[in-house]
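**Q** Chain residues, written in single-letter form:
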Amino acid sequence: MEDEKEKRVDAEDVRHVAELARVSVTDDEAEGFVEGFNDVLGYFETLDDVPGDVEAEDDFDNVMRADEPRPSLPQEDALANAEETEDGYFKGPSVS
Amino acid sequence: MSTTEDSFNAFVTRCDVDSGEGALDDLTVGVKDNISTEGVETTCGSKVLEGYVPPYDATAVERLKDAGAHIVGKTNMDEFGMGTTTETSAFGVTRNPTNEEYVPGGSSGGSAAAVAAGDVDAALGTDTGGSVRCPAAFCGVVGLKPTYGLVSRYGLIAYANSLETIGPMARDVETTARVLDVIAGADERDGTCGAEAEDYVAAVEDTEGALEDATVAVPDELVGDGVEDGVRERFDDALETLRAEGAEVREVSMPSLEKALAAYYVIAMGEASSNLARFDGVRYGPGGEGDNWNEEFADARARFGDEVKRRIMLGTYALSEGYYGEYYDKAQNARALVRQDFDDVLDEADVVASPTMPLTPFRIGEALDDPLQMYLADANTTPVNLAGVPSISVPCGRAGEDDLPVGLQLTAGRFEEAKLLSVARDFEAAR
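From first to last, the protein sequence lines are chains W and Y. Here the first sequence is numbered in this note's numbering, starting from 71 and rising by one per residue. Here the second sequence is numbered in this note's numbering, starting from 7 and rising by one per residue.
Please note that the accuracy of each hint is not assured.
[Unchecked claim] Capping the alpha-carbon separation at 20 Å, the derived lysine to any residue pairs in SDA-like fashion look like this:
{"#": "1", "chain 1": "W", "residue 1": "LYS161", "chain 2": "Y", "residue 2": "ALA283"}
{"#": "2", "chain 1": "W", "residue 1": "LYS77", "chain 2": "W", "residue 2": "LEU111"}
{"#": "3", "chain 1": "W", "residue 1": "LYS77", "chain 2": "Y", "residue 2": "GLU327"}
{"#": "4", "chain 1": "W", "residue 1": "LYS77", "chain 2": "Y", "residue 2": "SER326"}
{"#": "5", "chain 1": "Y", "residue 1": "LYS53", "chain 2": "Y", "residue 2": "SER280"}
{"#": "6", "chain 1": "W", "residue 1": "LYS161", "chain 2": "Y", "residue 2": "ASN298"}
{"#": "7", "chain 1": "W", "residue 1": "LYS161", "chain 2": "Y", "residue 2": "ASP297"}
{"#": "8", "chain 1": "Y", "residue 1": "LYS53", "chain 2": "W", "residue 2": "GLU153"}
{"#": "9", "chain 1": "W", "residue 1": "LYS161", "chain 2": "Y", "residue 2": "ASP353"}
{"#": "10", "chain 1": "W", "residue 1": "LYS161", "chain 2": "Y", "residue 2": "ASP305"}
{"#": "11", "chain 1": "W", "residue 1": "LYS77", "chain 2": "Y", "residue 2": "GLY328"}
{"#": "12", "chain 1": "W", "residue 1": "LYS161", "chain 2": "Y", "residue 2": "GLU301"}
{"#": "13", "chain 1": "W", "residue 1": "LYS161", "chain 2": "Y", "residue 2": "LEU378"}
{"#": "14", "chain 1": "W", "residue 1": "LYS161", "chain 2": "Y", "residue 2": "PRO292"}
{"#": "15", "chain 1": "W", "residue 1": "LYS161", "chain 2": "Y", "residue 2": "SER326"}
{"#": "16", "chain 1": "W", "residue 1": "LYS77", "chain 2": "Y", "residue 2": "ASP297"}
{"#": "17", "chain 1": "Y", "residue 1": "LYS425", "chain 2": "Y", "residue 2": "ASP353"}
{"#": "18", "chain 1": "W", "residue 1": "LYS161", "chain 2": "Y", "residue 2": "ALA304"}
{"#": "19", "chain 1": "W", "residue 1": "LYS77", "chain 2": "Y", "residue 2": "ASP376"}
Hints listed in this document are in silico derivations from the structure and should not be mistaken for laboratory results. None of these values were measured; they are calculated from a predicted model.
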């Protein structure tokens, strides 16, 4: 049991997930996350025997509103926190 | 009140927004730093948002201003609300005013500390899995997590949308009710917030007899082995007080609660991994460097602290191909069972009672290295967020070798804040 948990994820798995999540981590940092990951994922095994066919009683109704145009945040305010802007737009890194 | 000293590091930013007359014009208020304040820096306790100045107010802040509240600062918090101790803030640890060697609880630890220290009369916190109630309990103040949908989340910087709520904190139930009265109620800018508010000030005006013939349910699952002896003693005293006020205390079983903590963390981390994808350094916050956009974004996001990285990555893992059924599906089913258990118990009882936290505050530095141990401390608060029901923590004495505060958690049915506040006020007056 203990061994099984240990094997759940290793530093390589952490680096892979970090890449998927676009979070840069160093090799040392990745190593540092391994134990905590395995502890937490091990604890998630608590959910293993939750039945798969629970009827969720949903007593909420969707509320719709008319789709009417109205003023929104001024462009200038929306851009105020960006490091780089160009011609009234956000400027992001080039996608290549 | 001194606006220059901040002995407990309760604030990230000081401000002085005083907007005239209204129902709260006699109150100074702190606002947690993940709630947008127009023109006042809002960081979520993170380097990722350092320097961010929101161009608009959150609805809750707008309503505070309209009511004349004097907003004096943005309060410190665990980074993006992820923590139980207010130690993961990029702007330093907040200390517990009742004893500086201990944490104030989290994630709204700055709000609780500012209230406990008398720096403010009231504060707004946010509660995703206990982040208002835990620090209220640890600092010996009152904290309310409202029903999901009663207080607008517009302008709250999202961490886990399906769980989080904005809630008031103060030194007494009456002030807590006054602040709720102002911030509650429908907001067309939050599609989940359509509820009619009640008169919460009236609800706490004359509460004598509120507990007469009330039924208080105590779930076995929340008072088990995980609860420290000293906390258990204070909780038993609290039950004695409730009985003396005429309440009937009944033991109940809510078996789904054994699954609630794991379900909570799977759902919260999954939602976090998606919500926090927006922080890429392009529209707000400092940017990154790199040879392509993937590297630039990843570099900007390297500014997240370890706990935020951990939750983003675990959320990404749990939602990824091949693991979704094992974690997220199961967690959603467990959530439905928790909701059902609360519905069933609250059909028969007026409130559910438990210790807010199973233990007294950690020493500073004690819990940081072991994430799972820190998560386990949220066992009694997280089920409430899964069910979406309202819940309040009220002080119920002190325990442990250093005589630290203990909180009583009372939980009612959806949108029953008036009853909940009235019961809490009666308890507060009686003990």
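**Q** For every hint, state whether the structure bears it out.
**A** Hint check:
The suggested pairing of LYS161(W) with ALA283(Y) holds, with an alpha-carbon distance near 17 Å, which does not exceed 20 Å. The straight-line distance between the Cα atoms of LYS77(W) and LEU111(W) is roughly 11 Å, inside the 20 Å bound, and the hint therefore holds. Pair hint LYS77(W) plus GLU327(Y) holds up; C-alpha atoms about 19 Å apart against a cutoff of 20 Å. Distance restraint check for LYS77(W) and SER326(Y): the Cα-Cα separation of roughly 18 Å lies within the 20 Å cut-off, and the hinted pair is therefore satisfied.
Taking the CA atoms of LYS53(Y) and SER280(Y), the gap is about 19 Å. The hint holds against a cut of 20 Å. Proximity of LYS161(W) to ASN298(Y) is assessed by CA-CA distance (about 14 Å); at most 20 Å being required, the pair is judged to hold. With a C-alpha separation of about 16 Å, the suggested pair LYS161(W) and ASP297(Y) falls inside the 20 Å cut-off, and the hint holds. Using a Cα cut-off of 20 Å, the hinted pair LYS53(Y) and GLU153(W) holds, with the two alpha carbons roughly 15 Å apart.
The hinted pair formed by LYS161(W) and ASP353(Y) fails the criterion: a straight-line CA distance of about 55 Å is larger than 20 Å. Distance restraint check for LYS161(W) and ASP305(Y): the Cα-Cα separation of roughly 17 Å lies within the 20 Å cut-off, and the hinted pair is therefore satisfied. For the given pair, LYS77(W) sits about 17 Å from GLY328(Y) by alpha-carbon distance, which is consistent with the 20 Å threshold. Distance hint between LYS161(W) and GLU301(Y) is fulfilled; the C-alpha atoms sit about 16 Å from each other, no more than 20 Å.
Distance restraint check for LYS161(W) and LEU378(Y): the Cα-Cα separation of roughly 40 Å exceeds the 20 Å cut-off, and the hinted pair is therefore not satisfied. Note on LYS161(W) and PRO292(Y): the hinted pairing holds, with a Cα-Cα distance of about 13 Å set against a maximum of 20 Å. Proximity of LYS161(W) to SER326(Y) is assessed by CA-CA distance (about 30 Å); at most 20 Å being required, the pair is judged violated. For the given pair, LYS77(W) sits about 34 Å from ASP297(Y) by alpha-carbon distance, which is inconsistent with the 20 Å threshold.
Taking the CA atoms of LYS425(Y) and ASP353(Y), the gap is near 14 Å; set against the 20 Å cutoff, the hint holds. Distance hint between LYS161(W) and ALA304(Y) is fulfilled; the C-alpha atoms sit about 17 Å from each other, no more than 20 Å. Taking the CA atoms of LYS77(W) and ASP376(Y), the gap is near 19 Å; set against the 20 Å cutoff, the hint holds.
When each numbered hint is compared with the structure, violations occur for hints 9, 13, 15, 16.
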